[in-house]
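Engineer: Chain residues, written in single-letter form:
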Amino acid sequence: MKNSLAVNAYVGKPHDEHWEYQKCRGYTKNVLVVARHQDGRFKRETFHLTSLGRTLANATGGELTVAVLGTTPQCGELAGFGADRIDLVEDQALNDYLVDVHDRVLGAIVKREKPCLVLFEATFSGRELAAVLGAKFNGSVASGCTAIQYWDDGFEVLRPVLGGRFKARLHLSALPAFVAVRSRSFPLCKAEGAAKIVSIPVKVPRTRFKNIKRETSGQKIALDRADVVVSGGRGMGGPDFSLLEALAELLGGAVGASRSAVDADWRPVSDQVGQTGLVVAPDLYIACGISGASQHMAGMSASKRIVAINKDSHAPIFSKADFGVKGDLFEILPHAIETIKRLRSTSNQGATT
Amino acid sequence: MEIVVLVKQVPDTNAPAEVAGAALSGEPADIPWTINPHDEMAVEEALRVKEAHGGRVTLLSFSRPEEFDALRIGIAMGADRAVAIIDELKSTSRYRDGLLLSRIFAAALKTMRFDLIIAGQKAVDDDAGVVGPALAEKLNLPFFSMVVGQEISGNRVRCKRLVGGGRMEVEAPLPALLLATRGLNRPRYATMPGLRRATRQGVETWRLRDIAPDAQHLFCDQPSRLIALEPVESQRDLTMARGDSPREKAEALARYLLSDQG
Ligand SMILES: Cc1cc2nc3c(=O)[nH]c(=O)nc-3n(C[C@H](O)[C@H](O)[C@H](O)COP(=O)(O)OP(=O)(O)OC[C@H]3O[C@@H](n4cnc5c(N)ncnc54)[C@H](O)[C@@H]3O)c2cc1C
Numbered sequence: 001m002k003n004s005l006a007v008n009a010y011v012g013k014p015h016d017e018h019w020e021y022q023k024c025r026g027y028t029k030n031v032l033v034v035a036r037h038q039d040g041r042f043k044r045e046t047f048h049l050t051s052l053g054r055t056l057a058n059a060t061g062g063e064l065t066v067a068v069l070g071t072t073p074q075c076g077e078l079a080g081f082g083a084d085r086i087d088l089v090e091d092q093a094l095n096d097y098l099v100d101v102h103d104r105v106l107g108a109i110v111k112r113e114k115p116c117l118v119l120f121e122a123t124f125s126g127r128e129l130a131a132v133l134g135a136k137f138n139g140s141v142a143s144g145c146t147a148i149q150y151w152d153d154g155f156e157v158l159r160p161v162l163g164g165r166f167k168a169r170l171h172l173s174a175l176p177a178f179v180a181v182r183s184r185s186f187p188l189c190k191a192e193g194a195a196k197i198v199s200i201p202v203k204v205p206r207t208r209f210k211n212i213k214r215e216t217s218g219q220k221i222a223l224d225r226a227d228v229v230v231s232g233g234r235g236m237g238g239p240d241f242s243l244l245e246a247l248a249e250l251l252g253g254a255v256g257a258s259r260s261a262v263d264a265d266w267r268p269v270s271d272q273v274g275q276t277g278l279v280v281a282p283d284l285y286i287a288c289g290i291s292g293a294s295q296h297m298a299g300m301s302a303s304k305r306i307v308a309i310n311k312d313s314h315a316p317i318f319s320k321a322d323f324g325v326k327g328d329l330f331e332i333l334p335h336a337i338e339t340i341k342r343l344r345s346t347s348n349q350g351a352t353t
Numbered sequence: 001m002e003i004v005v006l007v008k009q010v011p012d013t014n015a016p017a018e019v020a021g022a023a024l025s026g027e028p029a030d031i032p033w034t035i036n037p038h039d040e041m042a043v044e045e046a047l048r049v050k051e052a053h054g055g056r057v058t059l060l061s062f063s064r065p066e067e068f069d070a071l072r073i074g075i076a077m078g079a080d081r082a083v084a085i086i087d088e089l090k091s092t093s094r095y096r097d098g099l100l101l102s103r104i105f106a107a108a109l110k111t112m113r114f115d116l117i118i119a120g121q122k123a124v125d126d127d128a129g130v131v132g133p134a135l136a137e138k139l140n141l142p143f144f145s146m147v148v149g150q151e152i153s154g155n156r157v158r159c160k161r162l163v164g165g166g167r168m169e170v171e172a173p174l175p176a177l178l179l180a181t182r183g184l185n186r187p188r189y190a191t192m193p194g195l196r197r198a199t200r201q202g203v204e205t206w207r208l209r210d211i212a213p214d215a216q217h218l219f220c221d222q223p224s225r226l227i228a229l230e231p232v233e234s235q236r237d238l239t240m241a242r243g244d245s246p247r248e249k250a251e252a253l254a255r256y257l258l259s260d261q262g
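Protein chains in written order, with our numbering: chain A, 1 to 353; chain B, 1 to 262.
No lab work stands behind these hints: they were computed from the structure.
Straight-line C-alpha distance at most 30 Å; calculated BS3-like pairs for lysine-lysine:
#1 A/K136 / A/K213
#2 B/K110 / A/K111
#3 B/K160 / A/K43
#4 B/K50 / A/K210
#5 A/K203 / A/K43
#6 A/K111 / A/K29
#7 A/K210 / A/K136
#8 A/K203 / B/K160
#9 B/K138 / A/K29
#10 B/K110 / B/K138
#11 A/K136 / B/K160
#12 A/K213 / B/K50
#13 A/K203 / B/K138
#14 A/K210 / B/K160
#15 B/K110 / A/K210
#16 A/K136 / B/K138
#17 B/K110 / A/K136
#18 A/K213 / B/K138
#19 A/K190 / A/K114
#20 A/K114 / B/K138
#21 A/K220 / B/K160
#22 A/K29 / A/K190
#23 B/K138 / A/K210
#24 A/K213 / B/K160
#25 A/K111 / B/K138
Please construct the entire structure, taking both the sequences and the accompanying hints into account.
Structural biologist: So this is what it looks like as structure tokens:
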């Protein structure tokens with residue numbers, strides 16, 4: 001029940017002394033959510049985050065504001081998940097993320113709104129913004145949280161530590177609390193109402209960085225956002241990952257790798273899943289030719305379903321998987337791909353007749 | 001070039017779970033320790049900068065004497081000097097709030113000379129990644145996270161960084177702060193003569209009141225506290241694909257992948 005904390009987020013009456021103290025620092029009971037969008041559309045995670053913000057604002061007894069930076073999509077959509085107000089800073093320069101520009105614009109919004117809690121998604125940018133703003137406002141910070149609860153003297157969060165083998169229960173007493181959450185661990189809550197859209201008069205600062213060059217990776221779906229991840233390890237035997245790419249394509253996922261595969265230069269470092277690589281938590285994780293070392297598990301053990309394909313029945317990965325196939329991946333995968341295509345086409349035919 | 005590297009000691013990633021857990025909650029346990037892998041890459045990169053541009057590499061840590069091994073490893077790799085700000089905070093837990101640490105490091109760095117600070121992107125024990133960005137904010141430095149390549153020329157540094165969905169190259173003036181991540185380099189090994197030198201040379205220790213006269217006031221409040229450490233039970237029930245031939249197993253796998261629940 002990983003959502004239980006957030007769902008019954010409010011326990012007890014706000015503790016007046018605590019609020020008195022926070023009020024002398026000027027903070028309100030309001031919650032601020034930082035939205036993300038791309039190509040004119042909000043990320044699905046932003047709706048999850050807004051829903052969570054609504055639950056928590058109900059708990060604190062405050063209002064929910066969503067900060068939207070950049071030239072944007074239909075902000076009204078956010079009202080459907082409980083936003084009371086949308087703070088809009090519409091400037092082309094904010095469409096691409098640069099930490100020093102975004103932190104200052106968000107800083108201006110926090111100064112203005114005085115929220116007791118600011119919620120981010122636990123992406124690279126969300127995590128670092130939470131840290132920078134936490135330092136700026138002498139608040140508190142927690143990243144990668146899977147649960148958050150409001151108490152009368154601050155917020156309490158759960159976050160995985162030690163390679164996901166433990167959850168730390170932390171109490172955040174300094175407000176504002178800047179919390180980056182794994183937003184997909186929280187349910188969507190539909191709401192009715194119209195949010196007030198406010199254009200915030202912030203002058204967008206210039207970045208301190210120069211000569212900025214961006215390169216997008218070949219992957220259509222970013223590894224840390226994918227619902228399905230198909231990873232290959234040393235068992236791939238070489239840089240040809242086309243079988244995994246075909247399976248990922250079929251399931252709408254992205255391709256990852258173990259450190260061994262990265263060390264062998266079969267895959268770029270940005271694909272490494274694990275304790276020293278990316279931490280992913282997709283709905284489905286398929287480990288192909290990966291033994292299941294603890295450092296690898298640290299990066300994917302929070303996945304909803306784990307599938308392992310390995311020719312060694314003693315591979316540790318099997319003891320941490322939901323579904324296992326003992327066999328040679330080069331024999332299994334081509335046929336599995338064909339079968340998926342076949343099953344899909346027959347079920348489609350079934351649907352039309 | 002004065003380079004400062006932030007270093008943390010963490011439980012060895014191969015430590016059994018209960019032992020590693022005890023390390024964070026502060027209960028006594030016989031723990032295999034190591035240098036945080038991202039910090040090891042930070043040390044390596046600092047040594048490369050020194051080799052290319054001259055200068056000095058200073059390691060900086062907030063730790064107790066029993067956590068000095070990470071500093072010794074850094075010296076054995078080739079760092080010139082190791083400084084530990086002694087942890088006098090009255091917490092029994094090894095959990096340390098990242099914002100508090102950034103305040104402490106900022107106070108220490110204000111008493112030091114530096115052109116470049118390199119830290120690990122995150123520590124693999126608490127997995128927080130707060131110290132680097134927060135320290136840059138406190139010192140008002142440009143910072144580069146997820147760095148997989150750097151090049152210094154004159155008083156500017158140009159970094160290759162991993163960003164969500166790709167890579168990015170940016171440049172900023174020194175002094176700056178870099179956060180090392182995998183892909184930046186392959187750390188060299190600590191050598192035997194290096195380890196002997198580390199033992200001989202030792203670790204310089206500083207007290208909080210040395211770096212900030214108002215230490216008590218600055219550091220008394222922890223923005224966050226560890227209440228409990230809860231083991232995560234991995235409740236997975238393994239089902240093996242049935243069948244004698246790869247074809248049959250593949251068929252079972254395909255059906256499983258297309259099903260919604262496990
Ligand atoms: C400090 C530190 C940090 C680390 N960080 C990470 C990290 O972030 N991520 C990470 O992944 N690792 C990390 N590691 C490395 C980790 O300990 C393992 O070495 C690594 O995960 C092993 O990768 P692998 O499973 O691909 O390779 P192996 O352990 O070599 O396993 C290969 C597997 O493939 C199977 N196999 C071979 N051929 C086939 C075939 N044809 N069909 C099916 N199965 C086949 C074998 O049976 C075997 O189980 C770290 C290690 C250290 C010390």
